[in-house]
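Asks: Produce the entire structure from the sequences given, and follow the hints as far as they go.
These are the residues of each chain, in order.
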Amino acid sequence: MTRFIRYVSRHPGAMVGLTLLALQIASILFAPWLTFYSPEEADPLMSLQPPSAAHWFGTDVSGMDIYTRIVYATRINLLISIVAVAFAFVVGVPIGLLIGFYRNWMSALVMRVFDFIQSFPVFVLGMALVSVMGQEIWNVAIVLAVLFIPMFARLIRAEVLSLRERPYVSAARCSGATDGSIMFRHILPNALTPAIVQVSISIGLAILLTAGLSFVGAGVRMPTPEWGLMVSTGAQQMILGVWWVALFPGLAIVISVLSFALLGDMVKDLSDPTTRERL
Amino acid sequence: MSDRNSTALLKVDNLSVDFGEGTPQALSNISFSLGRDEILGIVGETGAGKSLLARSLLNLLPEGGRFTSGDIRLEGETVLGISEAEQRKIRGGRIALIGTNAKALLSPVETVGAQIARVLRAHRDCSQKEAWKAAVDLMVQVGIVNPERRAKAYPHELSGGMAQRIVIAMAMVAGPDVVLADDATLGLDATIQVQVLDLLVKRCRELGAGAVLITHDLGIVAHYCDRVAIMKEGRIVELEEVGKFLAAPKEQYGRALLDAARVRPTPMVAKVEDPVLEKQPETPLLDVRRLLKLFPIAGTPDVVRAIDDVSFSVKRGETLALVGESGSGKTTVGQCLVRLLDSDGGGITFDGADITTMPAAEFRAMRRRIQMVFQEPYVALNPRWPVKALIAEPLRLDPTLDRAATDKRVRQLIDLVQLPAGIAEVYPHQLTAGEQKRVGIARALATRPDFVVFDEPTTALDIRVRAQIIDLVRDLQAEMGMSALFITHDLNSVRSLAHRVAVMRYGKIVEEGDTEMIFSAAKEDYTKALLAAELPVEQGTAQRDRAETRRLAGAAV
Chain F
1 MTRFIRYVSR
11 HPGAMVGLTL
21 LALQIASILF
31 APWLTFYSPE
41 EADPLMSLQP
51 PSAAHWFGTD
61 VSGMDIYTRI
71 VYATRINLLI
81 SIVAVAFAFV
91 VGVPIGLLIG
101 FYRNWMSALV
111 MRVFDFIQSF
121 PVFVLGMALV
131 SVMGQEIWNV
141 AIVLAVLFIP
151 MFARLIRAEV
161 LSLRERPYVS
171 AARCSGATDG
181 SIMFRHILPN
191 ALTPAIVQVS
201 ISIGLAILLT
211 AGLSFVGAGV
221 RMPTPEWGLM
231 VSTGAQQMIL
241 GVWWVALFPG
251 LAIVISVLSF
261 ALLGDMVKDL
271 SDPTTRERL
Chain Z
1 MSDRNSTALL
11 KVDNLSVDFG
21 EGTPQALSNI
31 SFSLGRDEIL
41 GIVGETGAGK
51 SLLARSLLNL
61 LPEGGRFTSG
71 DIRLEGETVL
81 GISEAEQRKI
91 RGGRIALIGT
101 NAKALLSPVE
111 TVGAQIARVL
121 RAHRDCSQKE
131 AWKAAVDLMV
141 QVGIVNPERR
151 AKAYPHELSG
161 GMAQRIVIAM
171 AMVAGPDVVL
181 ADDATLGLDA
191 TIQVQVLDLL
201 VKRCRELGAG
211 AVLITHDLGI
221 VAHYCDRVAI
231 MKEGRIVELE
241 EVGKFLAAPK
251 EQYGRALLDA
261 ARVRPTPMVA
271 KVEDPVLEKQ
281 PETPLLDVRR
291 LLKLFPIAGT
301 PDVVRAIDDV
311 SFSVKRGETL
321 ALVGESGSGK
331 TTVGQCLVRL
341 LDSDGGGITF
351 DGADITTMPA
361 AEFRAMRRRI
371 QMVFQEPYVA
381 LNPRWPVKAL
391 IAEPLRLDPT
401 LDRAATDKRV
411 RQLIDLVQLP
421 AGIAEVYPHQ
431 LTAGEQKRVG
441 IARALATRPD
451 FVVFDEPTTA
461 LDIRVRAQII
471 DLVRDLQAEM
481 GMSALFITHD
491 LNSVRSLAHR
501 VAVMRYGKIV
511 EEGDTEMIFS
521 AAKEDYTKAL
531 LAAELPVEQG
541 TAQRDRAETR
551 RLAGAAV
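Residue numbers (this note's numbering), protein chains in the order written: chain F, 1 to 279; chain Z, 1 to 557.
No lab work stands behind these hints: they were computed from the structure. All values reported here derive from a predicted model rather than from experimental measurement. Certain hints may be false.
Some residues of chain Z that are not near chain F, with every Cβ distance over 10 Å (derived) [claimed, not checked]:
#  : residue
1  : I72
2  : V140
3  : K244
4  : E325
5  : A460
6  : E479
7  : G481
8  : Y506
9  : E516
10 : M517
11 : A522
12 : K523
Output of the computed footprint for chain F on chain Z, the stretches with three or more beta carbons under 8 Å from beta carbons of chain F [said to hold, decoys possible]:
#  : region
13 : 374 to 388
14 : 393 to 401
The C-beta atom is built at its ideal place from N, Cα and C for all residues, glycine as well.
Replies: This is the structure in structure tokens:
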């Protein structure tokens, strides 16, 4: 714990990342107390108001308060992204470990399945799955998870392929370590770092994909507050000089993605004993 | 002598280097001079500042480094504080550096001939075609057979010794006045090392250049150098003519190094005098019969016969050394013994049981009795495990040990390999190479095995650490009475450790016999060549004569 505090105090990036994360958590927990309007209640009379004291970030085309919606959207966006990435991590990492460690027809088959999933255009796959399963928040999360599983599995597999040839793996085998012990105690801890860094990048990517799916009509629907959806509705008015509808949710995405990228660096440094003491 | 110093080719005066205000000095008050046609050896252990000194002489300090005092003069003219363009002319032109690991120094995407030609053109005005021809000529001079074809080869197609020759050729291109060789033969086989050094020294003599050989091998110093500088913690603690140094080092540290480098005096006597052992029936503990290991060559139906019909046996309490150069198959034999590799034919009998046909699960129980100490100490330890976990790992083979008993045993083992108790919580990268090696040995000995394979136990270690490890292994072996197979190319350590020696070449054992017999009366030419390549820490007659002539010449002037 003291190491953690010392690290954060010396790394302004980690400090910023943690602050932004705290901000997002506060938005999730205290949204009703931080805002003054309802996130889903349209007020046609107040359509497209520029930022003012009453509406800090202005209003959108249906007259909904953008600030309020951005705060509430944190819940949806982070929930979808974190659930999707966590699921993909928990499933993808063991698969990657197994197909990297055991090189047989099974692992070859799994790799071809991954090729198949990843060769599909993201949006076609997303639209197909969502249209089959229904346009629910959870379905968006499942689509993202399916997309991310091959990513984590490949990342881990690539690491395992090189790590399994390391002399310390041979040394462990000579010391009587079983396959399971070699995989989970020797290889996995050394293979995880890139996957952990990938988690934060994936959360950012998930936020962007959620937005994209909403844009093509395969994601969440209006009036659910969701950053990507808000950007896409705002994009239509951008050419009319109405900049605030798209800008503020866009900034929210940037801040959220940035915070997870910074946290990823921190986790990477703290998880590696060879860099840990230099901190 | 004083006359030669006044016209010194290279003169380093009171040179100090540090890495920023308040940091300790990385080099402090280094002074020495180098004459034409002279070879100076710089010896020290890891971290003594040898390589930094070499880089200082080229004014190529690493990031953050700076000169705090002193001067470097090349034929009386300073090389510090001159323009970048002038420095470039000196680097490679008048002072050439030959580094360790030639393959890494050569660009992998360009043919070696083109690389030599490029260096040539940087220092001499000539056409592409002339440069290529000159490059081929240079390759002939550094003893490369078939130079036209080799010139078109890429570095990965060459052996380590060949690549080192190319680097030497490149260093000699512009006819430098000073050649710096920074551990230029590290990692090469002994026979190749001698060839490369002979060549380097010969070329320097031909050019009349002065050379600085940076090394941790006093054998090299004894054989090739005129004077030796002993470095420790960034200073030169002793600077002496080699003959005088070998006869009587002045400083305590120099003496310690010299003692450590000499062959440990008593070769271990086989325990045949032990009455218990003598009464035992003559069934060897380990018996290898006609072992065969083939590696397919990718894309062809051919195979490499890595182990080709190898037979040997090791009795209880006996140590067999398997010596040979890289690629001889000796490490493959070791890996077959501990079943890291499956053999393709023949049998390995351990204490009456054939371990080549044993199911993996059954052999796992056997691992308690057959252990291996791995070659490279650092990479054979999981970087994320603290020392205590590393040492405790093999103890899991013994299901009767509970947590407390394991902890106790780990403490005993740490003590056994003479490491401080506090090391238990430390991670491998925080250890020195010697400590890492000790941890590796502790791991192998944890289960009190009957048989241990030591793969290159002394390579890549500093002189004193090497001697310590040899002593440690010897003591432990005497104490625990285990049998061992030593896989090594370091003949020096064989003499102090092994009862018998088997010499391997191209996957076959070419000669086998008692250690003393092999060293005193080898039959095979190959064994003789290996022995001849060993550089004992004594001055050769040629060197002595040269030193004598020099002194007389100096006195005459």
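Asks: Taking the numbered hints from earlier one at a time, note which ones the structure violates and give those numbers from smallest to largest.
Replies: Those not satisfied: there are none.
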